[in-house]
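Trainee: Listed below, chain by chain, are the residues.
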Amino acid sequence: MAQSFRMKPPMGEDNGWWWKQAAEGKLAIQRCQSCQTLRHPPRPVCGECHSFEWDHITASGRGTLCSYTVLHHPQFPGFDYPLIIILVDLEEGTRFTSQLINCAPEDVTFGMRLEMIMHEDPDGFRLPMFQPAQGAAA
Amino acid sequence: MSHFLKDKTAIAGIGLTEFSKKSGVSELSLAAQATLRACDDAGVSPSEINGFVSYTLDSTDEIELARTVGAGDLKLFTKVNYGGGAAVGTILHAVMAVATGVANNVICYRAMNGRSGQRMGQGVSGQIISSDLVHWSWYMPYGMLTPGSWVAMIANKYMQRYGVTCEDLGRVAISQRNYAQNNPRAAGYGNPLTMEDYLASKVIADPLRLYDFCQETDGGCAILITSAERARDLKQKPAIIRGVAQASTQGQEQMTSYYRDELDSLPEMELAARLVYEQSGLGPDDINAACLYDAFTAEVIMQLESFGFCGRGEGKDMVRDGALDIDGRLPNNTHGGLLSESYIHGMNNIAEGARLIRGTSTSQPAGVEHVLVSSGVGVPTGALILGRD
Numbered sequence: 001m002a003q004s005f006r007m008k009p010p011m012g013e014d015n016g017w018w019w020k021q022a023a024e025g026k027l028a029i030q031r032c033q034s035c036q037t038l039r040h041p042p043r044p045v046c047g048e049c050h051s052f053e054w055d056h057i058t059a060s061g062r063g064t065l066c067s068y069t070v071l072h073h074p075q076f077p078g079f080d081y082p083l084i085i086i087l088v089d090l091e092e093g094t095r096f097t098s099q100l101i102n103c104a105p106e107d108v109t110f111g112m113r114l115e116m117i118m119h120e121d122p123d124g125f126r127l128p129m130f131q132p133a134q135g136a137a138a
Numbered sequence: 001m002s003h004f005l006k007d008k009t010a011i012a013g014i015g016l017t018e019f020s021k022k023s024g025v026s027e028l029s030l031a032a033q034a035t036l037r038a039c040d041d042a043g044v045s046p047s048e049i050n051g052f053v054s055y056t057l058d059s060t061d062e063i064e065l066a067r068t069v070g071a072g073d074l075k076l077f078t079k080v081n082y083g084g085g086a087a088v089g090t091i092l093h094a095v096m097a098v099a100t101g102v103a104n105n106v107i108c109y110r111a112m113n114g115r116s117g118q119r120m121g122q123g124v125s126g127q128i129i130s131s132d133l134v135h136w137s138w139y140m141p142y143g144m145l146t147p148g149s150w151v152a153m154i155a156n157k158y159m160q161r162y163g164v165t166c167e168d169l170g171r172v173a174i175s176q177r178n179y180a181q182n183n184p185r186a187a188g189y190g191n192p193l194t195m196e197d198y199l200a201s202k203v204i205a206d207p208l209r210l211y212d213f214c215q216e217t218d219g220g221c222a223i224l225i226t227s228a229e230r231a232r233d234l235k236q237k238p239a240i241i242r243g244v245a246q247a248s249t250q251g252q253e254q255m256t257s258y259y260r261d262e263l264d265s266l267p268e269m270e271l272a273a274r275l276v277y278e279q280s281g282l283g284p285d286d287i288n289a290a291c292l293y294d295a296f297t298a299e300v301i302m303q304l305e306s307f308g309f310c311g312r313g314e315g316k317d318m319v320r321d322g323a324l325d326i327d328g329r330l331p332n333n334t335h336g337g338l339l340s341e342s343y344i345h346g347m348n349n350i351a352e353g354a355r356l357i358r359g360t361s362t363s364q365p366a367g368v369e370h371v372l373v374s375s376g377v378g379v380p381t382g383a384l385i386l387g388r389d
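Heads up: the protein sequence lines correspond to chains A and B, in order. If you count the first sequence from 1, position 94 lands on 94 in this note's numbering, and the numbers rise without skipping. If you count the second sequence from 1, position 322 lands on 322 in this note's numbering, and the numbers rise without skipping.
Chain A with its partners taken away, still in its complex shape (with noise of 0.2 Å):
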């Protein structure tokens, strides 16, 4: 399994803190303070009413898979290959890419239901990878 070799983001004042509700185990999603839309990837303003006040709440981690690609060439240190990329529809609207885990690559399918299973590398390192949700299978 992964090693630290993992390229860490940036911590800067736009995305730092969903990092850090990684950290605690949260797939964070940020929030409009003013007209409640949310929005990912996250940025400092909201584009539909232009107000910089925000929050953010926390989702369900539950999903279905909008698109995937299965990454074979170029084998970079530390990950699995063949490594799984995938955009997760969140069941809250927004959209967002991980890694699928615990599923064959034979076995995705476009609209597949996921899970969001926080990972920790051994550095202790989190970010949010998906697997297929339980039960939904056969």
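Hints are computed from structural coordinates only; laboratory data are not their basis. Errors might be hidden in some of the hints.
Sample of chain B residues facing chain A (criterion: CB under 8 Å; computed from the structure) [as the list claims (entries may be wrong)]: (1) Leu133; (2) Ser137; (3) Tyr139; (4) Pro141; (5) Met144; (6) Leu145; (7) Ala152; (8) Ile204; (9) Asp206.
In silico DSSO-like pairs for lysine-lysine, Cα to Cα no more than 30 Å straight-line [stated by the list, open to error]: (10) Lys8(A) to Lys157(B); (11) Lys21(B) to Lys79(B); (12) Lys157(B) to Lys26(A).
For every residue, glycine included, the Cβ atom is placed at its ideal position computed from N, Cα and C.
Position chain B against the provided structure of chain A, taking the given hints into account.
Mentor: Same frame as chain A, now just chain B:
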């Protein structure tokens, strides 16, 4: 009313270096060779060049190149962002400058040791916090580090939605490899590709295989823009610029515009299409040949729809009908393109556009009046329509 930029300027010269996997010279040297050849091709002295436009990714600064080739005093120097999305953007900036009298003779260039030096598919990383790096950081930690991985996500969705098959992608790769057999400059020259070869090649980022990816090339390409009036007095048949535009749309990210409602089309390319058609007063029926940006095969099929050559989901049918071949509806990338000639970030596709208008392509279709050229796909992009004088 005619658009202000329509027919005011022309491509008067094109200059290419040799394309290789190891140039053995600096990128500045490649840029200088390409520039001097473009000047020579046009019959314009380098001392008459007073503008340079390139890509932000290009390591050669405008003033370094100006000093190296003995250009005149510069009145325009600028670089366009977003990788291959800059390609026809450089032409737009030159056209705006020449049409307004800001500059007279402008060189657009891209020179790169794209194989022996900095390669594009080696992953991205960085320490400085910028909005661009924060953007990439939603993908980097997951191991999504290469253009192929970013493009595959959209290609897969598009293919699933419209029933596009691997063989359809293979048809694009083979069509362009066939053109490369006539082009001695091309990386694919002397190396024909069969469907069997294509399907047997290794999967890189499912559904994309090796031959769905463009070349990696050391080389340079320069395009000389001047007024249409001046171009008529120079050595080559001018390729008149009927329309040229940059385009970026809502929800645009660099390569990863994954958060739009629909992921099975190219909104920025549809905008580019609308803008160049409006500007030129032309439509898809007027376009006889194209150089659609082809870093990846799937993007070519999607662009057939963006530019209105067919309806949504019908790009695959055009490809199956042989539309992209020399005797087809829209001969495309007749030099081999980025897939089979070389990857000079689309600048070499603009050069082929000019050759198609001149009638000097190594695979010249009959009766070419108008050629469409596009910039990088999945990034802020643009489009260009060239016409015969």
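Trainee: Against this structure, judge whether each hint is valid.
Mentor: Going through the hints against the structure:
no.: 1; hint: Leu133; result: holds (5 Å)
no.: 2; hint: Ser137; result: holds (3 Å)
no.: 3; hint: Tyr139; result: holds (6 Å)
no.: 4; hint: Pro141; result: holds (5 Å)
no.: 5; hint: Met144; result: holds (5 Å)
no.: 6; hint: Leu145; result: holds (6 Å)
no.: 7; hint: Ala152; result: holds (4 Å)
no.: 8; hint: Ile204; result: holds (5 Å)
no.: 9; hint: Asp206; result: holds (4 Å)
no.: 10; hint: Lys8(A) to Lys157(B); result: holds (28 Å)
no.: 11; hint: Lys21(B) to Lys79(B); result: holds (25 Å)
no.: 12; hint: Lys157(B) to Lys26(A); result: holds (28 Å)
In summary, the structure agrees with every hint in the numbered list given earlier.
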